[in-house]
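**Q** Below, each chain spelled out in residue letters.
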Amino acid sequence: MKASTGKLSTAEDFIANFDIHQDEIFLNNSNQYKELRKNAIAAFESLGIPSRRSEEWKYTNVAKALNRDWVQFPSETKKISPDDIDSCLIPGLDAYTLVFYNGKRIPFSESDSDSAVIKEFSDLISSDISNVVSLDLGSDAFDTLNLAFAIDGAIINVPDNCVLDKPLYLLYISSPDDNLFIQNRNVIEIGKNSEATIIEARISLSSSNDFQVFSNNVTEIHCENNSKLDHYQFQIKGQSGAASINKYLVKQEANSTYTSTNINLGGQLVRNNLEVVHEGEGCETNLFGLYHLIGNQHLDNHTLIDHKMPNCNSNELYIGVLDDKSTGVFNGKVLVRKDAQKTNAFQSNKNILLTDDAKMNAKPQLEIYADDVKCSHGATTGQLNQEALFYLRSRGISKKLALTMLMEAFMKEVLDKIKIKELKNFLTEKLELRLNVGDQGR
Amino acid sequence: MNGQNEILKEVTQQDYKYGFVSKFDSDKAPVGLNEGIIRLISSKKKEPKWMLDIRLKAFKHWLTLVDKEPNWAHIKYPKINFQDIIYYSAPKKKKKLKSLDEVDPEMLKTFEKLGISIDEQKKLTGVAVDIVIDSVSVKTTFKETLAKLGIIFCSFSEAVHEHPELVKKYMGSVVPYTDNFYAALNSAVFTDGSFCYIPKGVRCPMELSTYFRINEANTGQFERTLLIAEEGSYVSYLEGCTAPMRDENQLHAAVVELIAYKDAEIRYSTVQNWYPGDKNGKGGIFNFVTKRGICKGERSKISWTQVETGSAITWKYPSVILKGDYSVGEFYSIALTNNYQQADTGTKMIHIGKNTTSTIISKGVSAGKSNNSYRGLVRISKSATNARNFSQCDSLLLSDECGAHTFPYIEINNKSAIVEHEATTSKVGEDQIFYCNQRGLSTEQAISMIVNGYCKEVLKKLPMEFAVEAQKLLSLSLEGSVG
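First to last, the protein sequences are chains A and B.
Here the first sequence stands for residues 1 to 442, numbered as in the numbering used here.
Here the second sequence stands for residues 1 to 483, numbered as in the numbering used here.
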């Protein structure tokens, strides 16, 4: 890879960087994909980086987080040690594993990573673009930026009539050096009547007090007729040093089921955009989220369920605990279009604030154009039940442990949605560490 | 379904029952808006210089906002040409009126057609009515009774002359002219409105009421209401509106300011039934209103109740700033849209004081091709320890071409806050209708019953006299409509 000079902090820098690094960006691209990238950067130029004036970014100041000299094409980065990779694996989990280090896929020793469902990124960019799921160049600046630049990512193609025997583990690790700006574009296709489980982990090894890694990722998911996808995403570590914007575009065909479970413990500034569109009847969508924020963490969960077709169900539950000076944002939108009769859509967002410096901004929205529907949403913010706390204290349990128990119980509702035992144990353990169960003797 | 569709058609084809123009001689300003017009309005109203200065300041600010009209609401409308509006129109006043007999018979007829006879109201309900037709207060009744208690209830321009110290002190203190585009416009060109002052410890013995009517074609209506409740006082204020049928869109940009001191309580109820446009979406009122109250003292309470059935476009967010400790804010709303009506309405509850409580109950009913949105903000400031909010926003859909939307904003900055929001959207259940049909009720009656039941939570918050009118309005607009 050639040495890079282009530093980035503004939209203009990115646009200039596109020209500087054309060789790398256009490597092995089909003409259509080149054209697509050019259109994307043009769209980005007209959109610009969103400010807080934009309704979608009202509560998240991304321009401030971006204001730093980012390096997009580093000449070299620190090597990752096998121990570091091992520390990011889920103990006891048998899975097809793909490892991305600072945005680049790196070989992973176990042979099962060569499963037939895993394709190369070059397969995507060198072929014609019809299999790229969604191309909306009009609205999302970070999506267009990603499309223009992304030169690596996971391409998963589960063929028709296939039930994947093991989960797929997509591991994205970032190192703390060099102010890296990372962009991956993932395309996941689940064939007709097929079933798969995908676990996506974002782990930042960064530990400093300022943003050192900024990643802007897009994952396009296409669930064919009668298919089923269990999609887990978790982010740990990097609460002081990693910023990320993760966009998931999910298209569901008839009678497919998509379940997303998002566990967010890490990252200093995290924005998750999850958009699900129903392209066929009889779809089921479950979106679950859990977050525990400490320090200065800022998490912004945006979800959109676009009910285009009749007879579909969606179910959404986001739960969070906010400690210290953290900020949480929940913006969940359920859109029921004119033809989507017999839609059932439920949404719930529950939060607990532990300190007066923590903030929660919730905006649960319903936009409904069909009449034969059942839709509801609820949002609550409160504190731990004082009576329950008293009950535990009166039985000789320390205040700290009692609080931890109550918080765990509160968060269990989403943790219990995790069907993979190893993953559930792994995340429960991480969560318990954060809740300081270790100090229970005091 | 067919039968239901026919009934729906019948309802949607109903003409606006209150569409007529009463013939008064009126005194109009030329079309357009400039400094000269503002000076003209001010001189017509024989205002003191300080009032003119406020208007000119607001106008200067408004000029900086031109072309920056708020566009975030979920509504669509052609751009308003603010130079194509007549900003002042007043019925010609020949002499001061002493009794009801002296009121223009045309005007009395107007009220009769509306089903709101002053006589009847005077006799039966004990309501003092400050009649406002096209911005100028013509007649104020029961004034003496109120005066004995020290209550000031008069038109805004009267207050400017007779109580300048109060107007100077409070006008713009809750909704400053810099607040938003329409507040700036209103502050510059407002023609009249109501003013009410309740002294310390006085409980206003009757419901105060004022009827607004937009009468002159092409006239923007710019009302301003200022209501002050001193320590320990109580007042219930009723505002009701109907407007004649017109083809051009008429703009209404009112400002309402409420101030409640320690232990005071203000109840502000509105029934809005302005011309919603015909069934093709032509005509109708644009209703862009800024309503806000402040609970200044401890244990003060402000309660907004609204029934919105009219207007082509409603853009209205009656809000409460809960500044005093233990203060209470309430918002009860029914918004009904039909044909091509659009409503984007809701509230803001800004919790600043400790132990403040707010309740939001919003019931939206959409029919025809209308769009009905609830947009509300609940903000718990860092200082608002133990604040409590409960919000419930329900939407009822009556046709497959209408829309019902909910856009709540919840901003929590204090850990002790308990905030709950819930919203549901559904249609009138066929099984519910079937149940009623089975018991010999027509589908129309069944729908009317179900919708009234659905809105009951809000209706029961209205003063008696208003509840009757509101119920009538609801069933009038809804008879049999189910999709």
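Treat the hints with care, since some could be wrong.
Said to hold, decoys possible - As a list, the in silico BS3-like pairs of lysine-lysine whose alpha-carbon atoms are at most 27 Å apart: (1) B:Lys348 - A:Lys333; (2) A:Lys338 - B:Lys76; (3) A:Lys333 - B:Lys76; (4) A:Lys325 - B:Lys354; (5) A:Lys399 - B:Lys169; (6) A:Lys325 - B:Lys262; (7) B:Lys169 - A:Lys374; (8) A:Lys58 - B:Lys169; (9) B:Lys262 - B:Lys169; (10) A:Lys400 - B:Lys382; (11) A:Lys399 - A:Lys228.
Hints are computed from structural coordinates only; laboratory data are not their basis.
Treat the numbers as computed from the prediction; the structure is a model and nothing was measured.
**Q** Determine which of the earlier numbered hints do not hold for this structure and return their numbers in increasing order.
**A** Violated hints (numbers, rising): 5, 6, 7, 8 and 11; every other hint is consistent with the structure.
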